[in-house]
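Undergrad: Okay, here's what each chain looks like letter by letter:
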Amino acid sequence: MITFDRVSRRFGERMALDAVSWHMDEGDCVVFHGHSGAGKTTLLRLITHEIQPTTGTVAVGTFRSGRLSRTHRALLRRTLGIIYEDFRLLNDRTVFENVALAVRIAGRFAEDEVVPRVMYGLEEVGLQLKQHSYPAELSAGEKQRCAIARAIVNRPAVILADEPTGALEKRSQDDVLGLLRRIHEEGAALLLVTTRAEVAAAFSGARVLLLEDGKLVDQSGRPLFRVETGASPQAAEPAAGGF
Amino acid sequence: MHLFYLREAARSFRQHRGLAYTAIFSLTAALILSGLLLLLTHNAKATLDLMGDRREMVIYLRDDVTPGHRDQLMGRLSDLYGTVTYVSKEQAWDEFSRQVGDPSLLEAVDDNPLPASIRLKLKPELLDHVRMEETARQVAQFPEVEDVRYGAEWVRRLDDLGASLTRGSWAVGVVVALAIVFIVYNTIRLTVLARRPQVEIMSRLGATDGFIAAPFVIEAVFEAALAAGIALAVLFGLQQALAARVIGVVFLPTTWVIGFVGAAIGLGCLASALALSRVLRAVGP
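From first to last, the protein sequence lines stand for chains L and Y.
The opening position of the first sequence corresponds to residue 1 in our numbering, with each subsequent residue numbered one higher.
The opening position of the second sequence corresponds to residue 1001 in our numbering, with each subsequent residue numbered one higher.
Please keep in mind that the hints were generated in silico from the structure rather than gathered at the bench.
Each hint can be trusted.
Pair ranges (Cβ atoms, derived):
| id | chain 1 | residue 1 | chain 2 | residue 2 | range |
| --- | --- | --- | --- | --- | --- |
| 1 | Y | I1258 | L | I51 | 43 to 53 Å |
| 2 | L | T71 | Y | F1182 | 25 to 35 Å |
| 3 | Y | A1194 | L | A167 | 18 to 28 Å |
| 4 | Y | H1002 | L | A140 | 28 to 38 Å |
| 5 | Y | S1277 | L | L129 | 36 to 46 Å |
| 6 | Y | E1200 | L | G166 | 12 to 22 Å |
Just a sample of chain Y residues kept apart from chain L, beta carbon distances all over 12 Å, derived:
| id | residue |
| --- | --- |
| 7 | T1083 |
| 8 | D1094 |
| 9 | V1100 |
| 10 | P1103 |
| 11 | E1153 |
| 12 | L1232 |
Which chain Y residues face chain L? A few, computed with CB under 7 Å, are given here:
| id | residue |
| --- | --- |
| 13 | F1004 |
| 14 | Q1198 |
| 15 | I1201 |
| 16 | G1206 |
| 17 | A1207 |
| 18 | T1208 |
All C-beta atoms, glycine included, are put in the ideal place defined by N, C-alpha and C.
All chains should be modelled from the sequences, with the hints used to inform the complete structure.
TA: In structure tokens:
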């Protein structure tokens, strides 16, 4: 479903990701854990094709990195459900309208299907009573639940969550993590990036990958893979753990 | 979905009223300017056409032309150039006498010196000065013809005036078209930039350029159509005011009005598409 094959991404002098290889299948749950600046968000931006790898290949389903047309890039993003740390809600629209926008963008549903689909999404996250509220009227936890409703409303095959509890206090954090766990248990693949160890620990069956300074490392901080020049990721020798 | 685009366009219009009103005002001013010129051109053309309809060629006949030859000539002229009317020497004298008015002035003239003539009302396609000159040259070749007169200089000037008006209309039309494109282009660009966060979010959710652009194009079309409507209303008021003072001032024909609004909308579409194709690449990652 998602494959990184020796992917590096450089921003000027800084190597944000360094020869990272990993793979996830449908229904998997993968948590990337690492400190701030470890390359987690770069990884997500590579998946959504906001940026291109400097070297290596990113494959998402049938889409491979390279020069995707704008139309194909839009199509790729419609197959993903993305949850941002800062929610990325439209402040001039109600909760309902924010979620409905994703349904309309998907373009798969007739106009009379929009309302029931949005209501289903809002019920999933327990926000049906706040459907007429604007983001400014919501708590941080409610905003994140709205962002989750927007991400799941089209039933994407994979959900990407960038620090989904970053702006939340403990109780809201537990609610949101419980919600994400439930969505994953219902069949969606979940890719979560976080700086918080407790978030990684909340997903018991998940594969947790550690990112440090752009490299995948094991618990002791050694690179997870010793990738040799010219070798494929399958040929790379796992140092410890891995997938 | 179309209703959604309309609602989005209305939302954008409401949220950026200042920009929208500025665009409508500027577009209206540009369209009034071009509409004024259209009105002037249309009225001038109508006047010129009226004068053109009155253009006549007078073909003076030799005194020795027999009625048979004259009828033959009239038949040929009628076939080739237009409607002919014969004016005999006597009719010409009577006409001249009427114009002079005082019979005592003509008593000194013993014999009727005026030649018989044929008045040729040319076919519409022969009414410009180049073709009239060519027609006069051809008609003068007939052996029965003594001379051909049609006021060549006057016709040439009239045609030059008409051509200048047409060229002026085109020149102003092009300038106004560029102004419309410029105004709409910048308005849409600013509107998109003002809504940059929204465009970015929509792009990240997988919206196509068409999905993002449609409400902006609808907004541009609405602004252009509204500006064209206001401009036409102002022009109509002006025409009515002028018509009360100057006889014969008419408003633009329906086809011109449709073309005027259509051109404004078309240019609005073009400019917004141009602006969006550039700005969406800059805004949407």
